[in-house]
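A.B. asks: Please model the entire structure based on the sequences and the hints provided.
There are 2 protein chains.
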Amino acid sequence: MGTTQLESVPEPKYWHLKTVLSEALDSEFSVGEILPNERDLAARFGVARATLRQALEQLELEGRLQRRRGVGTTVAPPRVGVDVGTEQPDWPGSADDAWQPVDAVRSVPPAAVAAALETGAGDPVHIVRRSRTSHGRLVATELLYVPDPSVPDLTAIDAPSGPARARAVLRELQRRELDGQDRAVELGSARADDAKDLGRLPGSPVLVVTTRFFAGGRTAALSVATYRADTCRLTFGDSPGVEIHPGPERRAS
Amino acid sequence: MGTTQLESVPEPKYWHLKTVLSEALDSEFSVGEILPNERDLAARFGVARATLRQALEQLELEGRLQRRRGVGTTVAPPRVGVDVGTEQPDWPGSADDAWQPVDAVRSVPPAAVAAALETGAGDPVHIVRRSRTSHGRLVATELLYVPDPSVPDLTAIDAPSGPARARAVLRELQRRELDGQDRAVELGSARADDAKDLGRLPGSPVLVVTTRFFAGGRTAALSVATYRADTCRLTFGDSPGVEIHPGPERRAS
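Chains as they are written, first to last, in our numbering: chain A, 108 to 360; chain B, 108 to 360.
Calculated directly from the structure, the hints in this document are not laboratory data.
Hints should not be assumed to be uniformly reliable.
Unchecked claim - Using C-beta positions, here's what the derived DEER-type ranges look like:
1) B:F136 to A:P119: 26 to 34 Å
2) B:D260 to A:R160: 22 to 30 Å
3) A:G179 to B:D203: 50 to 58 Å
4) B:F136 to A:D300: 39 to 47 Å
5) A:A157 to B:R146: 24 to 32 Å
6) B:P270 to A:E284: 44 to 52 Å
7) B:A150 to A:D204: 45 to 53 Å
8) B:R156 to A:Q195: 34 to 42 Å
9) B:E225 to A:G287: 31 to 39 Å
10) B:G227 to A:A218: 50 to 58 Å
11) A:Q195 to B:A205: 22 to 30 Å
12) B:P196 to A:R160: 17 to 25 Å
13) A:S238 to B:D190: 26 to 34 Å
Stated by the list, open to error - Chain B stretches covered by chain A per the calculated footprint, using a threshold of three residues with CB under 8 Å from any CB of chain A:
14) 134-145
15) 290-296
16) 301-315
Being a predicted model, the structure only gives us computed values, none of them experimental.
For every residue, glycine included, the Cβ atom is placed at its ideal position computed from N, Cα and C.
C.D. replies: Structure representation (C-alpha cells):
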C-alpha cells in the first residue's frame, strides 16, 4: 500500500465490483430489500466468492448494506444527517443539547487531552460520558473532559453517581461564561468499548469530532465525540437536513 | 461483520496489535523515524507476519505511518488541520479562498447532484474542478457543480479551457447574491481518479465535505470536496489550528 508509484497500481478487483454493485443497488433495489445470496451474486457478476465478500464488506462499511443474523444482507437506508451546528457557541448540556448524560468519573485523561487542558500529566479530571440518539438509534458516544478549575464548586456538591453526577458537572460548567469554541472532524477507528455501544466491530471507521470550549482565556472543557461513520452524515450550518445521499459516483467525487 | 451478537465478537488480533504499536510509536519513536523491519517487529510483539502487516496497514490508513519505496515505513507527522470554516457564507473563488481552479467542463452530473440542483436528470451543468494544498501537499480535490441558471451570462463569455474557464464560471457565480450555505461531512472512499490525484490507493477512506450554496430561493451551486482522511483534520470555528493529535487512547475515544 501507499507506494510512490500509484500510476502502476491497478484498481483492486473487489473495488471495481463494489462500484458496479453500488450502481445495481441504486437502480434495481429499494431500501430494506434482501440481496440474493452470495453464490448467486458471485455468479451474476462473474467473480470469486472471496472478491464478492470483500466488496460486500466495503459496502457495509460505507453504510450501503446491512447484514443481520437470520435476515441476510439488506439495502441500508440513506445516512442520517446529524446536526453538529457551530453558529452559537454553547456549553454542553444546554437546553437544546441533543446529548444524554450517562455518567461521570474522575480519571487521568490521555496525554493529548491533558496537554490541551493544560493540566498536569497525571492529574485526574472529570470525564462525563454522554450518548446521542437519532431516530431512536444510538449514533454517537462522547467523552467530555472537564478539569477541576472549570468547576471549582463541584466538590462541595454531594454528587451521586451515574447520570445525576454527569448533570452536576455540566451544571457547574454552565455557570462559567463561555468565550467561544472550535471544532475539528477527523477519521478514527472505533475502540472496543465505543464499538460495542455503537453496535459496530472494533476498528470500524468512525468520525471523531473534537470540540474545545474556551473560558477565562483557556480551554475549559474538551469534548471527543465518536459518530458512526456508516449511518451518519455530520451537518453544519442553517439547514441541518441535507438530503443528498451520494450515489456510487458522488460518494467520493 | 456486523452481526447482532457483538458481545461475542472478540477484538481482532491485528487490532489489538495496532493499539500496542500505536502506543510504542508515541513513546519510543519520533516523526520521520524509520521502523524496524517486519521480521524484527513480528518477533518483538510475538505475532505472525500477516497479523503485523494488517496492523501496519491500519496504522497507515489512519495516517500514523507512511510507507515509501526505498525508504521503508516511517512515523508520519501529525495530521494537518485544514480550515473548513462556516462563519461567513461566501461564494467559491472569493478573495481568501484556499482552492485553486484546475479546469471546467460541461457534463451531466450524478443523479443525486441533479436532484439537489433541481436540474433535469440528463441536463449538463458546469463542473469546475479545483484542488487544495496545505504545507505544499495536495490535500483535497473538489468538484463544484453550477447549473446554467446560476451563471446566465457565462455563454456570452469567450471562456477558454483549463483554469481560465474555471475562473470565468466562478466570476459569474460571484455576481449573484449569496443567501446562505450549509455543509455536511461524511466518510467516503476514494474513486480511482481522486485517489491518484491525492496519492492514495482507490478505496482509501476520505472525508467528503458537501456544501450547498443558496441564492434566489434555490441551490445555486453544490460543491463536493474530497479530503485525504489520513493526513487531514477538518477544522471549524474561530481557531483553525487545533493542535490536538489523538494518541492511541484518544484517537477514537
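A.B. asks: Which earlier hints turn out false for this structure, listed by number in ascending order?
C.D. replies: 2, 4, 8, 12, 14
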